[in-house]
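Participant: Chain by chain, the residues:
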Amino acid sequence: MEFHDDYPQYELMAHHSEEEGKKARRKLWNVFWIMLAITIFELIIGSMAPGHGWSGHLWLKVLFISLTILKAGYIVMAFMHLGHEVKFMKYVILMPYMVFMSYCIFICLNEGTYSSHPGNKAKLDPILVKQQEQLKAGHHAGATEEAHEGAAEEHHGEEAHH
Amino acid sequence: MSHSTEIDAKEAWSGGQSPFRVSYGKMMMWFFLISDALTFGGLLCAYGFTRHKYDEIWPKAEHVFTHFPFVKQHLPLAYVGLMTFILIMSSVTMVLAVEAGHRNDKRKVIVWMFWTIVGGATFVGSQAWEWYHFIHGTAEGALRHVWDPETGKYIEKVIHGANMTVNEYGVPQFANFFFFITGFHGFHVFSGVVINFIIFMNVIKGTYERRGHYEMVEKVGLYWHFVDLVWVFVFTFFYLL
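Top line first, the protein sequences correspond to chains B and A. For the first sequence, numbering that gives the first Met the number 0 assigns the number 0 to the initial residue and increments by one for each residue that follows. For the second sequence, numbering that gives the first Met the number 0 assigns the number 0 to the initial residue and increments by one for each residue that follows.
These are calculated hints, taken from the structure and not from any lab test. By construction, the Cβ of each residue, glycine as well, lies at the ideal position given by its N, Cα and C atoms. Hints may be right or wrong, so weigh each one.
Restricting the straight-line Cα-Cα distance to at most 25 Å, the calculated cross-link-like pairs of lysine to any residue (SDA-like) are [as the list claims (entries may be wrong)]:
(1) Lys120(B) x Lys135(B)
(2) Lys52(A) x Ser101(B)
(3) Lys52(A) x Trp32(B)
(4) Lys135(B) x Phe48(A)
Partner residues are not named here, just some residues of chain A that face chain B (Cβ under 8 Å, in silico) [stated by the list, open to error]:
(5) Trp29
(6) His51
(7) Lys59
(8) Pro75
(9) His101
(10) Gly151
(11) His212
(12) Thr235
Could you put together the complete structure from these sequences and hints?
Facilitator: Structure below.
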């Protein structure tokens with residue numbers, strides 16, 4: 000025997016008519032075009048960044064993160080239908096997450112300064128530092144030069160072992 | 000939509016109905032997604048923390064992910080852009096399947112779920128391809144200090160590609176986080192494809208037609224959109240910034 004309570008059938012409440020469906024579909028496709036435009040914009044800015052010396056700038060980071068949050072908002076509100084749920088449901092889903100993540104980000108930023116203090120700086124392998132400098136100067140030139148150097152070193156190392 | 004009408008607080012909490020106006024299953028799917036989102040949030044915070052620590056030598060994604068299938072030239076970030084497009088597209092087809100379910104249109108649900116599964120499988124395949132190139136690395140390789148067990152010393156050696164201990168493109172931590180976070184996300188996509196396929200078979204068999212509603216499609220849709228949501232963040236923090 001199936002279980003029945005006198006609760007309303009929430010599963011059926013989401014049903015809609017043909018015309019309502021048409022409207023909903025138009026909205027969803029609009030969201031898709033907006034998200035596609037944002038992603039293409041991000042990729043264009045991202046590929047232009049090294050040439051213009053924008054890489055690592057604060058405004059670029061802020062731009063990318065805010066565009067990401069905008070996209071996340073579209074996914075959660077339109078695709079996951081959270082925008083259609085009642086107010087209580089929205090708060091129950093979003094508030095605990097916002098509180099925990101804000102705290103996590105705060106604590107990372109606050110305690111993250113530990114590694115910036117002169118005495119606590121991570122010891123960097125000079126080879127890695129050199130590689131990143133060469134990569135910034137130009138990918139191919141640096142890589143081939145490094146390979147020749149490396150091959151010679153390897154050979155030398157083998158001889159020493161014998 | 001018809002079910003979105005607000006009710007006043009006093010009536011909502013007085014019993015006999017859900018104050019959230021959703022079914023039990025959908026609510027629990029949301030609870031699961033919050034906990035999963037917290038896991039990913041924690042991982043990305045740890046990523047940001049470590050990246051900040053090695054700020055000067057953290058590799059730039061445009062130097063690492065330059066390959067595109069069947070193309071010899073270097074096309075930085077082009078393939079990951081395509082992967083992102085595929086995943087957003089599959090999210091759209093999923094939400095269209097949910098919309099068709101709201102009209103009890105079985106044929107359309109089947110069509111849109113089919114394309115969702117195709118998109119998801121393509122994404123998983125693309126990620127495997129990306130991992131393959133990251134692990135194998137370039138022909139030139141890069142010089143590293145590598146532990147030599149025979150001499151018991153660190154020796155300088157040219158290495159190719161990345162694994163959990165060495166990384167041709169920069170600090171090993173970059174590879175560790177890349178493998179762990181994209182791997183964890185990729186596993187979510189994989190399980191999403193499997194769950195989508197099970198629900199897809201049920202739709203074809205007519206399980207939900209007999210039940211009178213397609214809420215299972217909506218619930219698996221929530222999971223699928225969540226996977227897309229996580230990727231949006233992974234894409235930004237690993238590839239763009």
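Participant: All hints, please: hold or fail.
Facilitator: Now for the hints, and whether the structure bears them out:
For the given pair, Lys120(B) sits about 22 Å from Lys135(B) by alpha-carbon distance, which is consistent with the 25 Å threshold. Taking the CA atoms of Lys52(A) and Ser101(B), the gap is about 20 Å. The hint holds against a cut of 25 Å. This hinted pair does not check out: Lys52(A) and Trp32(B) have alpha carbons roughly 38 Å apart, beyond 25 Å. Under the criterion of a C-alpha separation no larger than 25 Å, the hint pairing Lys135(B) with Phe48(A) is consistent with the structure, at around 23 Å.
Annotation: interface hint on Trp29(A) holds; nearest CB of chain B at approximately 5 Å, less than 8 Å. A distance limit of 8 Å between C-beta atoms decides the matter here; for His51(A) the minimum to chain B is near 5 Å, and the interface restraint holds. Restraint check, Lys59(A) versus chain B: the minimum CB separation of about 7 Å is within 8 Å; hint holds. With a least beta-carbon distance of about 7 Å to chain B, the hint placing Pro75(A) at the interface is held under the 8 Å criterion.
Taking 8 Å as the C-beta contact cut-off toward chain B, the hint placing His101(A) at the interface holds, the least distance being around 5 Å. For Gly151(A), the suggested interface contact is broken, since its CB lies about 11 Å from the closest CB of chain B, more than 8 Å. Contact between His212(A) and chain B, as hinted, is supported at the beta carbon level, the nearest pair being about 4 Å apart and thus within 8 Å. Checking Thr235(A) against chain B by beta carbon gives a least distance of about 4 Å; that is within 8 Å, so the hint holds.
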